[in-house]
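Take a look at the letters that make up each chain.
Protein chains: 2
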Amino acid sequence: MGRRSKSHETVAAGGTRRPTRAITSYDVARRAGVSQSAVSRCFKPGASVSRQMRERVARVARELGYTPNAIARSLITRRSHLAGVLISNLTNLYYPEVLSELSQRFVHRGIRLLLFTLPRESDVDQVLDQFWSYRVDGVISAARLSLQQVAMFDQRQMPLVFFNRYLKERPVNAVCCDQAGGAEMLVTRLAAAGHRRFGIIGGPPDSVVGRERTESAQARLAQLGITAVKTVGGNYDYESGGRGLLELSKAFKGHPDAVICANDVMALGCIDFARTDLRLAVPERLSVVGFDGVAPAGWRSYQLTTLRQPVQRMAEAAVSMLLDCIEEPGRPPERRVFTASLVEGGSARLGDGQSSGR
Amino acid sequence: MGRRSKSHETVAAGGTRRPTRAITSYDVARRAGVSQSAVSRCFKPGASVSRQMRERVARVARELGYTPNAIARSLITRRSHLAGVLISNLTNLYYPEVLSELSQRFVHRGIRLLLFTLPRESDVDQVLDQFWSYRVDGVISAARLSLQQVAMFDQRQMPLVFFNRYLKERPVNAVCCDQAGGAEMLVTRLAAAGHRRFGIIGGPPDSVVGRERTESAQARLAQLGITAVKTVGGNYDYESGGRGLLELSKAFKGHPDAVICANDVMALGCIDFARTDLRLAVPERLSVVGFDGVAPAGWRSYQLTTLRQPVQRMAEAAVSMLLDCIEEPGRPPERRVFTASLVEGGSARLGDGQSSGR
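Chains as they are written, first to last, in this note's numbering: chain A, 1 to 358; chain B, 1 to 358.
None of these hints come from the bench; they were simulated from the model. Every residue gets a Cβ at the ideal spot worked out from N, C-alpha and C, and that includes glycine. Treat the hints with care, since some could be wrong.
To spell it out: a stretch of chain B is covered by chain A in this simulated footprint if at least three of its residues, at any positions, have a beta carbon under 8 Å from a beta carbon of chain A; those stretches are [claimed, not checked]:
id, segment
1, 100 to 112
2, 127 to 137
3, 272 to 282
Here are some chain B residues the structure puts well away from chain A; computed CB gaps all over 10 Å [to be verified]:
id, residue
4, A29
5, S37
6, S40
7, R41
8, A58
9, R156
10, R285
Could you put together the complete structure from these sequences and hints?
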């Protein structure tokens with residue numbers, strides 16, 4: 001790195017360059033022949049300053065490599081313009097899309113995204129301290145937080161918006177997708193097509209969304225009087241899909257008619273295992289459905305029937321909700337629930353939902 | 001949010017809660033009956049303070065919800081403990097893995113990751129200002145930067161490490177993977193298996209890595225005296241793979257024997273298009289290879305033959321290199337080049353590399 005503008009270069013005895021102090025508004029003021037407060041005004045949005053002054057100061061600032069310190073400013077404005085985003089599992093194909101959408105929306109509002117990833121959802125405690133010490137303006141969490149953890153946000157008056165989850169026990173700000181409605185609709189339409197033996201591959205134990213998808217499917221099956229239902233656990237990864245189908249086939253002593261997977265990637269693993277290992281045609285002999293609508297679900301090899309979440313609209317809603325909470329701290333919690341849209345791929349036989357008595 | 005600990009709650013006339021001021025070290029000192037400087041020492045790593053004092057202060061701090069302000073501290077230490085990470089295309093399946101690895105490695109070192117995503121590599125200018133104003137300690141860039149942009153880092157003495165790219169024109173800190181060696185090896189082994197008509201599906205024009213992969217493959221083909229080579233452009237996405245194969249087939253008036261794709265996702269699109277639309281068996285009639293080693297490349301439907309980058313080792317190297325640059329600013333640039341490993345999947349017929357005259 002080593003190179004820098006002439007006026008601030010220090011060459012030590014041995015020829016090695018030493019870092020010099022950072023350029024301040026006083027340096028700019030001196031060089032531009034104006035007062036420090038004039039420099040400060042030039043960088044304050046909306047402050048009264050002549051165009052001529054603003055241009056002169058901007059030119060000198062560029063020459064010296066000066067930029068106003070957003071961090072120092074945050075100590076005065078009490079806004080850091082940093083938003084924390086907590087994501088549990090970035091290698092799950094759903095979350096990179098969420099993160100990308102959130103990131104672009106924060107940029108448009110001049111806010112930077114401080115990223116916190118968790119190898120597992122249950123590792124959240126270790127990162128919470130960082131939110132407090134970095135004084136983020138607020139947090140969007142796509143990871144599960146306990147009641148106690150949420151109380152810590154309250155205590156610190158730090159705005160918090162849940163993404164794709166919420167708390168049953170108390171109202172919180174949340175942007176969700178209606179998992180239950182989606183799962184019930186899938187079951188209804190699978191049942192209408194004549195499927196009678198249902199397998200369910202659930203998410204990991206600490207995934208609230210996965211549990212909701214699984215339990216809603218089970219409840220709807222019970223409501224329809226379908227009792228040949230087996231549920232196995234999965235880990236949201238590709239391998240879980242194949243392993244899950246194998247377990248289900250053992251439990252059924254044969255294969256199920258339909259498998260509902262708690263996310264898309266498991267559904268893709270399930271399809272591949274069915275075709276390759278069990279030599280079962282999908283959807284002719286086995287219907288497979290997923291949740292999320294990730295990109296590979298749409299690939300020609302799969303054409304998965306799935307429930308696509310409106311990720312862009314959800315990201316937009318989460319970012320606006322967080323900003324509202326930051327600007328209006330006493331605001332009562334709000335929950336916005338979006339509806340997933342059915343992608344009728346080629347991996348499942350679906351009947352008419354209307355005729356199935358809902 | 002609205003709830004907070006009793007001792008700091010202010011209920012306004014109408015029952016609406018108003019935000020109160022944040023808790024400071026003085027509040028903790030007063031409640032704990034110690035001096036503010038004692039509180040400060042308790043939160044300074046390595047400072048001399050009795051165990052009894054530390055425990056008393058920690059307990060009160062917990063009760064009040066006090067955490068030392070990392071941002072304020074950064075003004076004194078001149079370290080923000082924030083690292084910027086610049087990623088161009090998060091929906092490319094390769095980058096979420098990189099980001100996840102970087103994030104976890106920064107966490108272990110007490111550094112937070114400020115994320116900057118770019119819809120396109122060429123949008124970088126608009127985010128550079130943010131690095132300066134947030135006083136990040138350094139930046140890892142997996143996006144392309146111009147010579148002029150790199151000079152701005154120098155001018156501000158801000159450490160910069162390139163990930164998976166470098167500059168030809170001048171030395172920079174970079175962690176790379178040997179694209180050329182990998183591409184040459186793939187070509188050599190494909191040629192050894194008897195393929196004679198080669199198609200190449202390249203990356204987008206602004207991808208340095210893509211260009212390197214393409215050009216190295218072309219150079220090796222020329223060296224081997226293979227002239228039936230057609231190259232088409234791609235966009236790193238699934239659709240580009242199918243479209244690319246279609247264009248190549250038109251150019252060849254028939255299909256090529258082998259297609260080298262500049263990334264995995266395009267190779268998967270190419271395989272699907274070959275099977276579904278062209279009814280070509282892979283690898284019997286068409287060999288397809290990719291680069292990166294993303295998760296779906298290993299799925300049963302594909303079993304892609306690809307060059308897997310050692311992402312974990314590269315992430316570790318990039319993070320240590322950045323920290324070295326932060327601690328030792330005058331340090332001359334270093335470039336660490338890793339080698340990709342061949343994943344011999346089932347999507348290509350490969351011959352013995354030894355016999356093909358390299």
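Against the structure, the hints:
Coverage of a stretch by a chain is defined here by at least three residues with a beta carbon nearer than 8 Å to that chain's beta carbons; for the segment 100 to 112 of chain B and chain A the count is 5, and the condition holds. Requiring three or more residues with a Cβ within less than 8 Å of a Cβ of chain A, the coverage given for the segment 127 to 137 of chain B holds, as 7 such residues are present. With 4 residues carrying a beta carbon less than 8 Å from a beta carbon of chain A, the segment 272 to 282 of chain B meets the three-residue requirement, and the given coverage holds. Separation of A29(B) from chain A is adequate, the least Cβ-Cβ distance of about 18 Å exceeding the 10 Å criterion.
At roughly 19 Å, the least C-beta separation between S37(B) and chain A is larger than 10 Å, which holds for a residue marked as non-interface. The beta carbon of S40(B) is kept farther than 10 Å from every beta carbon of chain A, the shortest such distance being approximately 14 Å. Interface exclusion of R41(B) from chain A stands, the closest Cβ pair being 17 Å apart, more than 10 Å. No Cβ of chain A approaches the Cβ of A58(B) within 10 Å, the least distance being about 12 Å, so the stated non-interface status holds.
Its beta-carbon lying about 5 Å from the closest one in chain A, R156(B) breaks the requirement of being farther than 10 Å from that chain. With a minimum CB-CB distance of about 18 Å to chain A, R285(B) clears the 10 Å threshold, and the non-interface call stands.
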